[in-house]
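Trainee: All chains, full assembly: derive it from the sequences and hints.
Chains as they are written, first to last, in the UniProt record's numbering: chain A, 1 to 166; chain B, 1 to 302.
The reader is advised that the hints may include incorrect statements.
What the hints assert, rightly or not - Computed spacing ranges between beta-carbons, pair by pair: (1) A47(B) x E165(A): 16 to 24 angstroms; (2) R53(B) x Q120(A): 32 to 40 angstroms; (3) S27(B) x P67(A): 39 to 47 angstroms; (4) E63(A) x D12(B): 44 to 52 angstroms; (5) G302(B) x P67(A): 30 to 38 angstroms; (6) R155(B) x W128(A): 51 to 59 angstroms; (7) K188(B) x R7(A): 32 to 40 angstroms; (8) E299(B) x G139(A): 28 to 36 angstroms; (9) E17(A) x P263(B): 22 to 30 angstroms; (10) K188(B) x E17(A): 49 to 57 angstroms; (11) G37(B) x R81(A): 33 to 41 angstroms; (12) E140(A) x N71(B): 15 to 23 angstroms; (13) E195(B) x D21(A): 49 to 57 angstroms; (14) E202(B) x E165(A): 42 to 50 angstroms.
For the record, the hints were derived by calculation from the structure and aren't laboratory data. Positions of the beta carbon are idealized from the N, C-alpha and C atoms, including for glycine.
So you can see what is in the structure, the chains are spelled out below.
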Amino acid sequence: MSNSGQRFDRLPETDEERDLDGRATREEVVEWWDERFGIGSEKFAEHTFWEKGAGKIWIFHDEVPSPTEIEGLGMKFLRTRQEHWKPTTNAVQRFGRGATRNVIDLDPEQAMAFVRGEDQEIEWDGDWGYLIAAHEIAGEREPLGVGLYLHGELRSVVPKGRRRED
Amino acid sequence: MEVLSRYEPLVDDFEAFLAACERSLPSVVRVNTIKAGVERTKRALEAEDVGYRDRDWNPTVLELDTNKPGNTWPYFHGWIHGQEEVSSLPATVLSPDPGERVLDACAAPGGKTAQIAALMDDTGLVVANDNNLGRLSALRFNAERLGLTNVAVTRQDARNFSLKPVGLDAFDRVLVDAPCSCEGIIRKRPDTLDEWSLSHVEGVSGVQKGILKRAIQATREGGVVVYSTCTFAPEENEAVLDHALEEEDCRVVEFETPLDSRPGVTEWQGERYHESVAKARRYYPHHNDTGGFFCAKLEVTG
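Mentor: See the structure below:
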C-alpha cells in the first residue's frame, strides 16, 4: 500500500490500524485540534478524515468507499508529514470559532493588514507556531485564518486567492 | 438582441422584455447559513456601511448597494456568495432534506451546490459533478471558501454518470442545471448572443436530453429531479422535458414559485409537446428584474 496523489484514503482510527508509515490517524488529528486550539473531539464526531497526496488531510461529513478516486472530498483541513502541522485557512474559518487556545485577537487595522497577506510585528506571549488569527465582527469573535507567529512577528499565511482587497 | 425576436410570440410586453435585457443586473448575494446567520451577516454589512434590501421570497437572498460584494468582511469569511436572484430558485425547488443523497449533475462553479449543501445543514451527501477540470477547480475553491464538508466532487460526463465512485445505488434528488445557450444571462454578459446559432441550440439540446435522461435513471423511485436552464429556447427546455417523459418513468409536477413566472409552452414552431410541460415555469427578465430562467420539477415514478 502506498500514498497516492490521485486517491482519497481514509485515515486509520488509531496506531494499531495504521498500515502506511507516516500516515496520521484520526485519533492524532482530533487530539491535535484539541491540544493546539482547545477544539474538542465532539466537534468532529460526525466527520471522517482522508489523505490525498503526502500529508494533505481532508475532512468530510459522510461515508464513501475507501479508497476513492474522485476530485474532491469535503475540504482540505490540515497538512501533516511536516515538523509542525498546519491547518488550512478554510478549516480555521469553519471550525475555529470555538477555539480557546492559541487565538490572537487583531484590531481592525491589524485584521485588514492580515487579510491583505502582510506580516506584522505584534506582541504575543503565547506559543509560537501556527495560530488562529481572529477579529471582532458583528459583536463576536470570528476567525480570519492561519497566522505563523515567530520572533515577535505574525506572518499571514492567507492564500493569495483568499485575500481581501479594499 | 435580434436573436431574441424569435421569442416575441411567447413573451408578454415584448418591448419591456427587451428593455430589461439591456439593463445590468442588481448586485445580489446569498447568505451561506453554514457559516453565519442572516441577522449576523446583516449586522456585519451595516458595520461596513454596505446597504442591503431583502427579497421577500427568500430570506437568504440580499441585494447589496455595492458592485463589489467581494470587498466586504462577510465575503471574506465565506458568509455570502454572489449569486443572481433567479439562480437561487432551482435549489429551493429541489428542496433537499438534511441527510439525503443529492447529485448536482452540472455543478460548476458551485453556487447552487453550496445552496443545496446549506439546505441540508452540511449533512448527508452532495455529489457535485462537472466534466471540465478548469470549472471544477472554481467549484472546489468556492465549496471550501463556503466551508462545505458534505460535498464530494466528481469529474464525469453527466450523460454517463457512474454512481460507483461514491458507492451509491441511487440518489434521492438530482439537480440538472444544464449547460445551455445562456440567452437568459445577457444582462450579466451582453456579448452572450454574439455566437448564437440554431445549430448550437439544437446540439446543446441533444446533450441536455442525455443528461436529464441519465439523471432520472440515477434517482430512486419517488425521488425528485429538477431541470433548469438560463435560456428561453423551447428546444432546450420543454422539448427536453418532452423527450424525458417519452423515454423514462417520470412525470412533471407543479411547484410553488414565489417569483412571477409563466407556464412552460406546449407548442413551438410546429412542434407539440406533452401537455404536462406547462407545469414548468419560465422566468423573464422584466417580471422580477432578474436574468431569464427556466425550471421544471420531475418526480421519478419507476
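Trainee: Cβ-Cβ distance between E299(B) and G139(A): within 28 to 36 angstroms?
Mentor: violated, 45 angstroms
Trainee: Determine whether the Cβ-Cβ distance between A47(B) and E165(A) falls within the hinted range of 16 to 24 angstroms.
Mentor: holds, 19 angstroms
Trainee: Between R53(B) and Q120(A), does the C-beta distance stay in 32 to 40 angstroms?
Mentor: holds, 37 angstroms
Trainee: Honestly, do S27(B) and P67(A) meet the 39 to 47 angstroms range at C-beta?
Mentor: 43 angstroms Cβ-Cβ, so the 39 to 47 angstroms window holds.
Trainee: Note whether the CB distance of G302(B) and P67(A) lies within 30 to 38 angstroms or breaks it.
Mentor: Between G302(B) and P67(A), where Cβ atoms are some 34 angstroms apart, the hint holds.
Trainee: Measuring from beta carbon to beta carbon, are E140(A) and N71(B) in 15 to 23 angstroms?
Mentor: Because 21 angstroms falls inside the window, the suggested range holds.
Trainee: Is it true that K188(B) and E17(A) lie within 49 to 57 angstroms of each other by Cβ?
Mentor: holds, 51 angstroms
Trainee: Kindly confirm whether 51 to 59 angstroms is satisfied by the beta carbon distance between R155(B) and W128(A).
Mentor: Once the Cβ atoms are compared, 41 angstroms apart, the range 51 to 59 angstroms for W128(A) and R155(B) is violated.
Trainee: May I ask you to test the hint 44 to 52 angstroms on the CB atoms belonging to E63(A) and D12(B)?
Mentor: holds, 50 angstroms
Trainee: Range hint 33 to 41 angstroms: satisfied by the CB atoms of G37(B) and R81(A)?
Mentor: holds, 37 angstroms
Trainee: Does the beta carbon distance between K188(B) and R7(A) stay inside 32 to 40 angstroms, or does it fall outside?
Mentor: Given a distance of about 38 angstroms, which is inside 32 to 40 angstroms, the answer is holds.
Trainee: Is 22 to 30 angstroms respected by the C-beta to C-beta distance linking E17(A) and P263(B)?
Mentor: Violated - the Cβ-Cβ distance for E17(A) and P263(B), about 58 angstroms, lies outside 22 to 30 angstroms.
Violated hints for the displayed structure, listed by number in ascending order: 6, 8, 9.
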